[in-house]
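Heads up: the protein sequence lines correspond to chains A and B, in order.
FYI, in the numbering used here the residues of the first sequence are 3 to 193.
FYI, in the numbering used here the residues of the second sequence are 68 to 520.
Everything labelled a hint here was simulated from the structure, so no lab data went into it.
Just to be clear, a hint being listed does not mean it is correct.
As the list claims (entries may be wrong) - Here are some of the chain B residues that sit facing chain A, going by a computed Cβ distance under 7 angstroms:
1) Thr288
2) Leu290
3) Gln310
4) Ile332
5) Ile334
6) Thr335
7) Ser350
8) Pro355
9) Ile376
10) Val378
11) Ser379
12) Val392
13) Pro399
14) Thr422
15) Ser423
16) Glu466
Computed from a predicted model, the values in this text were never measured in an experiment.
By construction, the Cβ of each residue, glycine as well, lies at the ideal position given by its N, Cα and C atoms.
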Amino acid sequence: MNHRVTAAVVWCCVLLTLTAMTACSKKAVPGQAAYPSAVTPTGPGAGGRYTPGGPIDEATWQKLGLRTEEERQRFLKDMDEFQNDDIYFEFDSFVLMDEAKKILDDKVTFLRRYPAVKVTIEGHCDERGTNDYNLALGERRANAAWQYLVNSGIEPSRLNMISYGEERPIALGHDEASWAKNRRAHFVVEF
Amino acid sequence: MGQGTVDVVRRAGGVRGLWGLCVFFWGVALGMAGSTAGAAERVYIDITQPGFLKLPIAVPDFKMQGGEEPSLARQMAAVVRDDLDLSGYFKVLDPAGFLESPQQMGVLPSEIRFDSWKAVGAEFLVRAQYEARGGGLNAEFRLFDVVSQKMVVGKAYEARVVDARAVAHRIANEIIAALTGEPGIFDTRIAFVQAEGGSKEIYVMDVDGQNLAALTRDGSTALSPAWSPDGTQLAYVSYVEGQPKIYIANVLSGSRRSVAGYPGINITPAWHPSGGRLAVTLSKDGTPDIYLMDTQGSVLKTLVSGWAIEVSPSWSPDGSKIAYVSNESGNPHIYVLDVAGGNKRRLTFEGKYNTSPAWSPKGDWIAFSSMTGGRHNIYVIRPDGSGLRAVTHGEGDNESPTWSPDGRLLAFSSTREGASAIWAAVVNGEGIRRLTRLGGAQSQPSWSPRANR
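Here chain A stands alone, though its shape is the one from the complex:
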């Protein structure tokens, strides 16, 4: 071995280290929890956006038209329910099932009660199928929910859509129970 081989080895080590550093820095990025922040704020008024789990300041409460503590507590409870209730789909389908329509009716009630609230509808798929097709399928799922809400009288300007395809699974198993949880439309509140 002479110094040139050594130099080559050192250079390889530098590359490996760089790769490793990339890998390490990626670990700092939260996986599942990251997606709400990935949505680009759209339209006017996006500045006072609520961070899920974060506090709501007085100005935002005023914007929402919620003055009493009782109103505000109820809103927080309603919002939790709104964001926690996903609608589910069958494999390779974006047809709304009866159960999904019931849940969407609840969404309509919430959106009518709180007219200052905007929503991003996320379309998701299970891991089966190809990433590309699932991006398109997720878009159709978000769109199916969007159409139902609009048909129920919700202003389209209050509704954003984004497809995550199979990129943001909520359940990480490789079985039907996990897949069923991942074939969903998820609703994120913005205000």
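Please arrange chain B on chain A, whose structure you already have, making use of the hints.
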């Protein structure tokens, strides 16, 4: 038989690699008796015949001259062996069984003892030597037909020591060119998606899995890399600005720009074979449809639209047609669109879930991924719908096929050994091998065109 240099073949160097690793070298054809032709007079391997037998070939370690960089003797030979094995044309013989010592035996035609190579079963022999001096590298190789005891091709290279692997790839390319009439693909690269730590980034590697480099480092989700026909740019999809948009990155400089950010999804870029335009999937008009777009993102034409999902375009090599996925029958299937006439026809009728079409560079096959019984496998079909056959056979999930530029190999993602990795196989399914051995999961490979040198 001639032994000296004849015919100087200057090969312009090219900038290679994301870190600007340069490969400047040139080759010289080593003379052959009565001929200065670089390619063989006869085609040893008829690549139009699918059922040929693999040729037994011996690649002893390179002979070191001088005394610098002794490890290259083994390393360069290993790269050549590995490449020849990947090609699927050869049975690469195990050097442990060779009767001759690679550092003792000669390199010139007059010095080769063909009997001892015949004895180990070799029909072809690759004999090479090199000399490293002050960071420079001189290497030469000769390919011998052991049966007829003749030299088939020989070339000399002048390069840098750091480019030793690239020289070895070039040698493998020349061997394939001499025996098939068409150059090898061992200086090409594969882009793919690397999933790790909750994000997906675009990576690029040499075809043998070496020289790994990250093209994106966004901590977001990047998908669907697609090489430009000249190999200088990669189009891809990323969520880095929130919604899925299409970006184009310069592979050499790493600079990139957003080209399509229409409302909804902007996905599955596919370069037109002549460059300058891309077929993409956009949902700006409601449903995901396929559009023709220039590289500034202006929509030139609607290619396929309808109430259904239309996605994943792949161009025929002449640019007259695209294969794509539509679910207008209720399930995703492969369709073919005549771009000028606008008429489309369904290509796949087997199964209920056929996606990821990839038109071969010679136009003779369309590869795709088919899900049956919950498992994805790679299939190929003729563009007229005939000749359907499986490339993979149920070992894990096999998805996202991409063709080598010679149309002979397919790379794809497979979970056959656990986490998804990039694998390659000859189009008949033989010679399957794993290309990535990384942490995380690798998917959506895209094979580069031949290097532009």
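Under the criterion of a CB-CB separation shorter than 7 angstroms, is B:Ser423 in contact with chain A as hinted? At 5 angstroms from the nearest chain A Cβ, B:Ser423 passes the 7 angstroms test, so the hint holds.
Residue hint B:Gln310, partner chain A, criterion CB-CB below 7 angstroms: holds, 6 angstroms
Would the stated hint for B:Thr335 survive a check requiring a Cβ distance to chain A of less than 7 angstroms? Holds: closest Cβ of chain A sits about 5 angstroms from B:Thr335, inside 7 angstroms.
Have a go at the B:Glu466 hint: is there a Cβ in chain A nearer than 7 angstroms to its own Cβ? holds, 6 angstroms
When the nearest CB of chain A is found for B:Ile332, is that gap smaller than 7 angstroms? holds, 5 angstroms
Going by Cβ atoms only, is B:Ser350 closer than 7 angstroms to chain A? For B:Ser350, the interface hint holds, since the closest Cβ of chain A sits about 5 angstroms away, which is under 7 angstroms.
Hint check: is the beta carbon of B:Ile334 less than 7 angstroms from a beta carbon of chain A? Since the shortest Cβ distance to chain A is 5 angstroms, the answer is holds.
For the hint on B:Thr288, does the least C-beta distance to chain A fall short of 7 angstroms? holds, 5 angstroms
Report holds or violated for the interface hint on B:Pro399, using the least CB-CB distance to chain A and a cut-off of 7 angstroms. holds, 5 angstroms
Given a cut of 7 angstroms on the nearest C-beta pair, is the interface hint for B:Val378 held or broken against chain A? holds, 4 angstroms
Is the shortest C-beta separation between B:Val392 and chain A less than 7 angstroms? Holds, because the Cβ-Cβ distance from B:Val392 to chain A comes to roughly 6 angstroms (cut-off 7 angstroms).
Would you check whether B:Ser379 satisfies its interface hint, that is, whether its CB is within less than 7 angstroms of any CB in chain A? Check passed: Cβ of B:Ser379 comes within 5 angstroms of chain A, closer than 7 angstroms.
Hint check: no violations occur; every hint is consistent with the structure.
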